[in-house]
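The residues making up each chain are set out below.
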Amino acid sequence: GAVVSQHPSRVICKSGTSVKIECRSLDFQATTMFWYRQFPKQSLMLMATSNEGSKATYEQGVEKDKFLINHASLTLSTLTVTSAHPEDSSFYICSAREAGRPLHFGNGTRLTVT
Amino acid sequence: DAKTTQPPSMDCAEGRAANLPCNHSTISGNEYVYWYRQIHSQGPQYIIHGLKNNETNEMASLIITEDRKSSTLILPHATLRDTAVYYCIVRVDGQNFVFGPGTRLSVLP
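So the sequences go chain by chain: A and B. Here the working numbering is used: the first residue of the first sequence is 1, the next is one more, and so on. Here the working numbering is used: the first residue of the second sequence is 1001, the next is one more, and so on.
Calculated from the structure, these hints are not laboratory results. Each hint should be verified, as a subset may be incorrect.
[As the list claims (entries may be wrong)] Stretches of chain A that chain B covers, calculated by requiring three or more beta carbons in the stretch to come under 8 Å of a beta carbon on chain B:
no., region
1, 31 to 45
2, 102 to 108
[Claimed, not checked] A short list of chain B residues far from chain A (calculated; beta carbon distances all over 10 Å):
no., residue
3, Gly-1029
4, Glu-1031
5, Asp-1067
6, Arg-1081
7, Asp-1082
8, Gly-1102
On a predicted model such as this, the values are computed, not experimentally measured, just so you know. We put the CB at the ideal spot given by N, CA and C, even for glycine.
Generate coordinates for the entire structure from the input sequences, incorporating the hints supplied.
Structure follows, in structure tokens:
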């Protein structure tokens, strides 16, 4: 069964609003979680690394003030897309690292900004 | 940048073996080879990984050449549900996963 749960699976929001996406590790503690973005017909692009109890590390070109990441506990990381615009419409995927095991991925969140 | 090269697409007949190649000629000694697949509109699914030896699990087999510069993922009896994009990734334990474009496998009835 799924070991990483992502919610919501799809969301539609109006331009200028903010959207929060949750990523939970279900039966293990994840000190590190990763957030990816995927545009249609493209591969996954790493946005940021989320570390429990500390600031996230963002990849080059990803605006940290626009994509707020909070990793408040060992089982939960959230990504908030602030002041969303249509160009932020994408498939957002989280993953979590369990010690000694391959990376687990959530099932993604399809964000559509109208 | 991804450190692997894969064909952009492949077809396979249902019930036959699907052999997906991956070139990783610059792989270093402590880098593992991982395979994931992504079915449309879902998150990537782990398939198999290995370092030097060939590996087999309930999903697939991984054949790594002796020089480790390439590998092949084998789905022994492909089904229509195996249609997906398959990603070959090399990484050192603890590093980020960097996804390339992968191979789009179409299993045909």
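Hint-by-hint comparison with the structure:
Given as covered by chain B, the region 31 to 45 of chain A passes the check, having 6 residues with a CB less than 8 Å from a CB of that chain where 3 are the minimum. Here the region 102 to 108 of chain A counts 7 residues with a CB under 8 Å from a CB of chain B, which clears the bar of 3, and the coverage holds. Once the 10 Å rule is applied to beta carbons, Gly-1029 (chain B) is consistent with being away from chain A; the minimum gap is 20 Å. With a closest Cβ-Cβ approach of about 14 Å to chain A, Glu-1031 (chain B) is found to remain outside the 10 Å limit, as its non-interface label requires.
Distance check for Asp-1067 (chain B) against chain A: the nearest CB is about 24 Å away, which clears 10 Å, and the non-interface claim stands. Under the 10 Å C-beta cut-off, the non-interface status given to Arg-1081 (chain B) relative to chain A holds; the minimum distance is some 16 Å. A cut-off of 10 Å between C-beta atoms confirms that Asp-1082 (chain B) is not in contact with chain A; the least separation is 18 Å. Chain A draws Gly-1102 (chain B) into its interface by the beta-carbon criterion, the shortest separation being 6 Å against a cut-off of 10 Å.
When held up to the earlier numbered hints, the structure conflicts with hint 8 and nothing else.
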